[in-house]
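Colleague: So the chains spell out like this:
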Amino acid sequence: MDRKSKDLLNLIQANFPLESRPFLKIAKELDITENQVIDIIKELKDKRYIRRIGGIFDSRKLGYYSTLCAIKVPASKITEVAKLINSNNGVTHNYIRNHPYNMWFTVIAPSIKDVKVFINEIKIKTHIEDIIELPVVKLFKINVVFNIKE
Amino acid sequence: MLSCLDKKIIRRIQEDIPLTPEPYKEIAMELGISENELLDKLKEFSKNGIIRRYGTILNHRNVGFKANAMVVWSVPEDRIEDVSKIMISYDQVSHCYQRPTTQGWPYNIFTMVHARSMEECENRVEKIAFAVGINNYEMLNTTDELKKVSMKYFIE
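Heads up: the sequence lines are chains A and B, in that order.
Counting in the numbering used here, the first sequence runs without a single skipped number right up to 150 at its last residue.
Counting in the numbering used here, the second sequence runs without a single skipped number right up to 156 at its last residue.
Warning: the hint list may mix true and false statements.
[What the hints assert, rightly or not] Simulated coverage check for chain A against chain B, where a stretch passes if three residues somewhere in it have a Cβ under 8 Å from a Cβ of chain B: (1) 4 to 13; (2) 16 to 26; (3) 29 to 41; (4) 62 to 70; (5) 98 to 107; (6) 135 to 141.
Hints in this document: simulated from the structure, not taken from any laboratory.
Every residue, glycine too, gets a C-beta built ideally from N, C-alpha and C.
With the sequences and hints as input, model every part of the structure.
Modeller: Have a look at this one:
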């Protein structure tokens, strides 16, 4: 990534301008043209550095319930269990990690009851009882802004 | 309470913006409202915390932060406040939460630690462990990513 692209990303990660001509605002700060800003962003999207520009919401403030879950899945059943878990649209992340609790996923749903029903469905369909629910008790930091250096 | 219009705006803003000189005007037209109405709503959502961040979402693996680990810590109840304060002061710690413990799960503090390499990540975690004086922790590395998507709210 070249210097201009890095400066641009550092500038628009935390905040994207909420005004009529956002790309012009960015252009002025970087001393380039509005079209150049748009072209660089297009390129960064094509190269898959940028996923999207938009809002990240606080699910709780939207009335949703969310939790992190971990489940102990035998190696031979990972594909099958992942298929079931990932089929839920509220499952946004699912990772295999190096731990006896090897499958970690987050689920967001309109209510706590929806999550309980889903967990129960997983237990019944997979015959795995060892699943833990770890909802946030307290949030100390959430900051997914990265400093893109040289 | 969120109005029908609020939900309509959220449904649209959780997607991408058009890369044209006046993106909000286009979105507002799609929603059948004025550009100012849309911008005012977005500012209101940012102010009251409904929007946590209005910005650019990156593929962090692609921008050089190739290594990340979920580090889970067993911190005595009365040390949670001061330990978390130190942990969050590190730039490499992007997330820090307290979560419940269970019989088979003794760790109550969760951190996400990012770095350019696994070695750098491990070094950083050791430094943090030393700084907070907690030895009872585990580093859980991702060995496979099975799903990673943005949540879509108010669909169906």
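Colleague: Now, for every hint given, state plainly whether the structure supports it.
Modeller: Tested hints:
1. 4 to 13: holds (count 3)
2. 16 to 26: holds (count 8)
3. 29 to 41: Three-residue rule met by the region 29 to 41 of chain A, so holds; n is 3.
4. 62 to 70: holds (count 5)
5. 98 to 107: Per the Cβ count (6), the hint holds.
6. 135 to 141: holds (count 7)
Of the hints listed earlier, there is not a single one the structure fails to meet.
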